[in-house]
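J.: Given chain W's structure and the hints, the job is docking chain R onto it.
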Amino acid sequence: MRNKMLKKINISDLLTSISMPIIGLFVFMFGWNIAAKQVHTSLGVFPGPGEVYKQFTNLANEHREERAKADAFYKRQEKRNAKWLAKGRADKVRHRKYTGKETFFDQIGTSLITVFVGFVLGSLIAIPIGIVAGLSNITYKAINPVVQLLRPVSPLAWLPLVTMVVSAVYVSADPMFAKSFVTSALTVTLCCLWPTLINTAVGVSSVSKDLVNVGKVLNLGWWTKVRKIVLPSALPMIFTGLRLSLSIGWMVLIAAEMLAQNPGLGKFVWDEFQNGSSNSLGRIMVAVVVIGMIGFALDKGMLLLQRWLSWDKTAILR
Amino acid sequence: MTIPHLRLDHINMDFPTPNGPFRALENVNMVVDKGEFISIIGHSGCGKSTVLNIVAGLLKATQGGVVLDGTEVDEPGPERAVIFQNHSLLPWLTAYENVELAVKQVFRLAEWKAKLWSKNELEAQPYKRKKSKAEMREWIEYNLSLVHMDHAMDKRPDEISGGMKQRVGIARALAMQPKILLMDEPFGALDALTRAHMQESLMKIHADLKNTVIMITHDVDEAVLLSDKIVMMTNGPAAGIGEILQINLQRPRDRIALSEDPAFNHYRHEVLEFLYARQRNPAQIAEEKRSGNGNGSEPATSAVDGADQEVVPTGSKLPAAEKRPAQLKVVA
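Here the protein sequences line up with chains W and R, keeping their order. For the first sequence, our numbering gives the first residue as 2, with consecutive numbering after it. For the second sequence, our numbering gives the first residue as 645, with consecutive numbering after it.
Same shape as in the complex, but just chain W (with noise of 0.2 Å):
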């Protein structure tokens, strides 16, 4: 049956559906390639695709010289460890972190690691008091204002006080993660809760007043109600939260990033503005251009999950 469906798929549809994002891409970047020529900084030419693809080998080069070094280092230390021990001494044996550069590579994964955990964070408050708000009238109307003025709110506010509060109560010897990351994580989280509070609590609040109904009938109990009725019921609209929050967290990051200097993309643009060579707006532009990818990437990853999840074969998903 399949293949008699995947045989019927109009060779034309999909030659379009394939061709045209491809000749609007090269359409672009013709047209970014003219413009970039005309403009001249004190920093040289702006960059075009050209200028941006011959950068990003250079930064892949520079990681994989990175990473020959770091395994260079740790087979020396390797050796130099076996020797005392075979010598008996296993007290001179010492096991020492590498401490080169963070590639760029690196402060991709960073960045990854960084937004995933203020999102994940963000969600965690968001859906419970999305769901409670969403079921109770009196709640929502109280805790309305202070969403609506705290949604506005830009990271860049933020962070200032962010990073107070970090450094006064996140005080110890040896802590596991940095202060600049926990501050990027936190100012993430600010910033992203609100789109999926908001959703949860309209999915939460439209769910047909019939299948509420039934839930009285049999009495269902206040958490088998959620589990079974209304959080089904409302998955599409926290879904669409969901999706809304993780891209605007993924460009707060950036930009928190840039100004708590965790180790990440918008450390990586803001050194390279800083350092003001004749290559930093050629970097800068492979940043942009990878923050772009890695978006996308991310929203394309929460449709499918939200495709996989998705009890309604109807909705059209995009």
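Don't read these hints as lab results, they were simulated from the structure. Bear in mind that the values here come from a model prediction, so they are computed numbers and not experimental data. Accuracy of the hints is not assured; some may be wrong.
In silico lysine-lysine, DSS-like type, Cα no more than 27 Å apart, as pairs [to be verified]:
#	chain 1	residue 1	chain 2	residue 2
1	R	Lys-848	R	Lys-799
2	W	Lys-55	W	Lys-38
3	W	Lys-98	W	Lys-80
4	W	Lys-210	R	Lys-848
5	W	Lys-226	W	Lys-142
6	W	Lys-217	R	Lys-748
7	W	Lys-210	R	Lys-799
8	W	Lys-226	R	Lys-799
Calculated from the model, a selection of chain R residues having no Cβ within reach of chain W, i.e. all distances over 12 Å [what the hints assert, rightly or not]:
#	residue
9	Pro-648
10	Gly-689
11	Gln-749
12	Gly-806
13	His-910
14	Leu-916
Note that CB positions come from ideal geometry on N, CA and C, so glycine has one too.
T.: Frame of chain W; chain R shown alone:
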């Protein structure tokens, strides 16, 4: 006198509106015996669903109450199972799981909730006590087979037709072993053929289980075919029970044979006359008033205060076309 199975006692229902309370129901009194099939019929907006929701406990009456087996009930509960007009199945569960939700809820009742049933009843019907997992599975499949949905029990609501969904809704209600089955225009959204099938199924289930059913319907034929009594409501606002028509047709009832039966046609006549002559559609009345037509019969008012709608127990010796206007009081 024995305690009636279900009693609606002097029910008034007011809804708050910006212009003051809107009286939807006034002095509704009704008595239902065990095993009876009651239809409630009336024009749109006369408060039929309101009555049903009050019996179900989904609405609380402003005055008066509902008494079930001697205990007043004002909260919803599985002993008064409701079948909604829009099936109300959970769309993310299969048919089996929908029924299972109800069964699990009812048959894992905490002991203190079982107080609604007297000790004798609990002993007489062991199904009302807790069930084991295997018993539950059997019970769910039995109920689905009662409505002929056992072949499609693993399908989701969006994979089955409207009639099938409604059947699953009926199975879910029956699986709760309710004392009263409340049906709010259950076949209203179905086509005529499916409706006929469903009516046959319902009659058979009623004959097998001998349960008490209160059904709201617009369809006069359906009401006369299925019920033991038809409760005809007056028009709103402040609607009440206009007349109660006792249907003394032999069971099991065959619709084809009945279509030529003079008694059946007479009952139909009575209901139609009430609805269209004596209790006309409010829109029609307004139109006639506008055209200066003064000969139309006044809409029959709701029951006179103090006159209870006593029910003549089945098996009485009264003639076939028995109807009791509001003012008369018939003593058992």
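J.: Quick check for students: does the CB of His-910 (chain R) sit more than 12 Å from each CB in chain W?
T.: 37 Å, holds
J.: Does Lys-848 (chain R) pair with Lys-799 (chain R) here, judged by a C-alpha cut-off of 27 Å?
T.: Within the cut-off at roughly 25 Å; holds.
J.: Do the alpha carbons of Lys-217 (chain W) and Lys-748 (chain R) lie within 27 Å of each other, as the hint requires?
T.: 15 Å, holds
J.: Would the hint linking Lys-210 (chain W) and Lys-799 (chain R) be met if the CA-CA limit is 27 Å?
T.: 23 Å, holds
J.: Does the structure keep Lys-226 (chain W) and Lys-799 (chain R) at a Cα separation of 27 Å or less?
T.: 22 Å, holds
J.: Was Gly-806 (chain R) rightly flagged as not at the interface, with every chain W Cβ beyond 12 Å?
T.: Its Cβ never comes within 12 Å of chain W, the nearest being 15 Å, so this holds.
J.: Under the criterion that the straight-line Cα-Cα distance not exceed 27 Å, is the pair Lys-210 (chain W), Lys-848 (chain R) satisfied?
T.: Distance ~31 Å between Lys-210 (chain W) and Lys-848 (chain R) Cα, so the pair is violated.
J.: Check the hint pairing Lys-98 (chain W) with Lys-80 (chain W) against an upper bound of 27 Å on the C-alpha distance.
T.: With Cα atoms ~15 Å apart, Lys-98 (chain W) and Lys-80 (chain W) stay inside 27 Å; holds.
J.: Confirm or reject: Pro-648 (chain R) is not an interface residue toward chain W, with every Cβ-Cβ distance exceeding 12 Å.
T.: Holds: least Cβ distance 23 Å, greater than 12 Å.
J.: Using Cβ atoms and 12 Å as the threshold, tell me whether Gln-749 (chain R) really stays out of contact range of chain W.
T.: Its Cβ does come within 12 Å of chain W, the nearest being 5 Å, so this is violated.
J.: Given the hinted pair Lys-55 (chain W) and Lys-38 (chain W), is their Cα-Cα distance within 27 Å?
T.: Holds - the C-alpha atoms of Lys-38 (chain W) and Lys-55 (chain W) are around 16 Å apart, at most 27 Å.
J.: Sort out whether Lys-142 (chain W) lies within 27 Å of Lys-226 (chain W), counting only the CA atoms.
T.: Holds - the C-alpha atoms of Lys-142 (chain W) and Lys-226 (chain W) are around 22 Å apart, at most 27 Å.
The structure fails to meet hints 4 and 11 from the earlier list, while all remaining hints are met.
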